[in-house]
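Make a model of the complete structure from these sequences and hints.
One line per chain: the protein sequences are A and B, in this order. Per numbering that gives the first Met the number 0, the very first residue in the first sequence carries number 0; after that it's consecutive. Per numbering that gives the first Met the number 0, the very first residue in the second sequence carries number 0; after that it's consecutive.
Keep in mind that the hints were calculated from the coordinates and are not lab data. Mixed in with the good hints there might be a few duds.
[Claimed, not checked] The list that follows gives simulated cross-link-like pairs (lysine-lysine, PhoX-like), each with its CA atoms no further than 20 Å apart:
id : chain 1 : residue 1 : chain 2 : residue 2
1  : B       : Lys374    : B       : Lys424
2  : A       : Lys54     : A       : Lys11
3  : B       : Lys271    : A       : Lys11
4  : B       : Lys271    : A       : Lys10
5  : A       : Lys54     : B       : Lys424
6  : A       : Lys32     : B       : Lys181
7  : A       : Lys54     : A       : Lys22
8  : B       : Lys153    : A       : Lys27
9  : B       : Lys175    : A       : Lys32
10 : A       : Lys7      : B       : Lys181
11 : B       : Lys424    : A       : Lys17
12 : B       : Lys263    : A       : Lys17
13 : A       : Lys10     : B       : Lys175
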Amino acid sequence: MNIEEALKEPKKLTLEDKLFTVKYNAAKETHIKVDNEICKKCTTNRICLTICPAKVYELEEGHTEVHVSFENCLECGTCRVACTDNAIDWRCPQGGMGVCYRFG
Amino acid sequence: MDEETLKFDAIVVGGGPSGMCAAYTMAKAGMDVAVIERGEYPGSKNLFGGILFTTILNKLIPNFWEEAPVERNVISRKFSYLTEDSQLAVELKTEQYNKPPYNNTFTVLRSKFDRWFSEKTESIFNENSFVFSGFTVIDVIKEGHKIVGVVTDKEGPMYADVIICAEGANSLLAEKAGLKKKPEPHDMVTGVKEVIALPPEIINDRFALAGNEGVAIEFFGKAVEGMVGGAFIYTNKESLSVGISCSIVDFTHKNINPNEVLDKFKEHPSVKNLLRGGETIEYSAHMIPEFGYDKLPDLVSHGIMLVGDSAGFVNTSHYHEGSNLAMASGVMAGETAIIAKQKGDFSAETLSLYKEKLENSFVMKDMKNFRRAAKFLHANPQVLNDYPTTMVQSMVDYFTISERSKVEIRKDVIGGLIMDVKFIKMMWDMNKARKVLL
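Quick look at the structure:
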């Protein structure tokens with residue numbers, strides 16, 4: 000990077016832009032399972048939708064079940080702790096798969 | 000190693016600093032060690048804010064900084080309180096930290112550093128020791144009460160006399176082994192971070208540094224929307240580590256996404272210009288255990304010891320020390336395994352020597368000393384919010400230039416302070432804060 004560039008105002012990044020900087024080794028199978036039966040009686044105000052730093056959990060319009068974009072997961076494990084209903088079965092992805100930090 | 004059944008003296012689950020310190024210690028004593036790492040390579044799953052404390056590492060590998068991929072040696076620690084539009088900061092910068100061993104404080108990028116440490120450890124391994132990368136351990140193998148091995152998702156079972164569980168903040172294996180329960184939201188902190196690239200000349204000029212000198216800046220208050228936690232900027236060689244970390248219970252109560260908090264922090268007028276022109280080259284997220292001394296898991300059982308983040312060894316005060324405690328616990332678990340092997344006894348009784356070692360070291364002494372820090376800050380939000388915010392505004396008023404006499408201004412400021420804050424309550428709180436935080 001040259002000095003001129005380094006003096007520019009930084010670009011505003013969306014979360015999608017940020018996730019684009021992350022290297023993933025794509026796993027075929029999900030490492031996250033959500034028990035939608037428990038979700039129906041959610042007592043956490045659907046905290047998974049808010050708290051996940053990679054927005055893995057989304058509620059699509061017209062759907063009642065949470066959609067899980069497991070391929071975006073940064074493997075922090077926050078969802079598992081935040082979901083005090085224990086509806087999220089989060090496991091480590093298959094060996095060698097998932098997020099692969101280049102800097103860390 | 001027994002060829003047919005894949006049996007080692009010790010299996011270390013997780014190739015981070017605590018696990019590698021255990022492996023290094025045992026390998027030096029000639030033991031057969033297997034390190035099982037779930038990432039593509041050790042370091043690929045690992046993340047922290049960016050400061051590695053290295054008193055333990057420097058004992059294992061003297062003058063490691065001459066060969067390890069460290070970024071910068073930290074000569075300056077800055078603590079900064081942010082309000083909506085102002086900043087009040089204290090900076091300690093000293094040449095005393097600018098010579099070996101550099102106050103054992105270095106900025107580091109974990110993917111590079113942990114990989115180096117793993118290679119360094121492998122270089123002293125005997126022919127029966129290995130680092131297995133790309134293997135996820137999914138369960139322990141029990142014989143009666145004793146843990147005798149692990150199951151991975153690839154090969155068959157692997158056996159060992161002792162398992163050292165160094166799997167990190169997400170300690171699913173320790174839960175399966177019955178050593179701890181699933182953590183509660185107030186037990187854990189979540190951090191998100193961006194590595195922001197900038198030319199080294201710009202970093203040096205912007206932060207008043209030369210050569211390989213680095214600075215660690217911690218931010219509180221508005222930096223994290225008043226939550227219990229903090230934000231940080233650490234200087235690497237050609238990038239900045241910029242992030243925030245707060246308690247999961249706070250994110251939950253505020254119903255706010257960690258990335259939004261980070262974006263707001265980056266927009267603060269006192270922060271924005273430090274990041275100017277930078278290009279985000281990696282976004283990342285990780286948890287930090289903050290359950291503290293009073294909620295530590297069972298550290299030892301028959302054939303297993305917990306080290307590092309899976310044990311919860313993090314100093315939750317303003318020291319933000321985790322890596323050093325992790326590495327110390329790894330070394331002590333390794334030393335205990337060596338003695339257990341000599342005795343041929345890996346029972347919980349023999350392995351409890353590990354707990355004794357911890358108790359006699361800075362690890363447990365610091366864990367004990369700061370045991371009430373996080374709880375106090377959660378129970379007394381005024382300490383990180385109302386009091387400092389009022390103080391900053393009083394200083395802004397005090398230094399506001401006008402044609403009023405300084406005596407009048409001072410009277411107003413002090414009068415305002417007394418009106419604003421319940422003075423005796425504040426003194427009382429701050430005295431308590433001093434006791435639990437310092």
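Consistency of the hints with the structure:
At most 20 Å may separate the alpha-carbon atoms for a hinted pair to count; lysine 374 of chain B and lysine 424 of chain B meet this at roughly 19 Å. This hinted pair checks out: lysine 54 of chain A and lysine 11 of chain A have alpha carbons roughly 18 Å apart, not beyond 20 Å. Between lysine 271 of chain B and lysine 11 of chain A, the direct Cα distance comes to roughly 11 Å. Compliance with the 20 Å bound is thereby established for this hinted pair. Restraint check for lysine 271 of chain B and lysine 10 of chain A: satisfied, since their Cα atoms lie roughly 11 Å apart, inside the 20 Å limit.
Between lysine 54 of chain A and lysine 424 of chain B, the direct Cα distance comes to roughly 42 Å. Violation of the 20 Å bound is thereby established for this hinted pair. A distance of roughly 17 Å separates the Cα atoms of lysine 32 of chain A and lysine 181 of chain B; the hinted pair therefore holds under the 20 Å criterion. Of the pairs offered as hints, the one joining lysine 54 of chain A and lysine 22 of chain A holds, with about 16 Å between alpha carbons and a cut-off of 20 Å not exceeded. Restraint check for lysine 153 of chain B and lysine 27 of chain A: satisfied, since their Cα atoms lie roughly 15 Å apart, inside the 20 Å limit.
Taken as a hint, the lysine 175 of chain B and lysine 32 of chain A pair is honoured in the structure, with Cα atoms around 18 Å apart against an allowance of 20 Å. Among the hinted pairs, lysine 7 of chain A with lysine 181 of chain B is inconsistent with the structure: their alpha-carbon atoms are about 45 Å apart, more than 20 Å. The hinted pair formed by lysine 424 of chain B and lysine 17 of chain A fails the criterion: a straight-line CA distance of about 44 Å is larger than 20 Å. In summary, the hint linking lysine 263 of chain B to lysine 17 of chain A is supported, as the alpha carbons are separated by about 15 Å, within the 20 Å threshold.
This hinted pair does not check out: lysine 10 of chain A and lysine 175 of chain B have alpha carbons roughly 44 Å apart, beyond 20 Å.
When held up to the earlier numbered hints, the structure conflicts with 5, 10, 11, 13 and fits the remainder.
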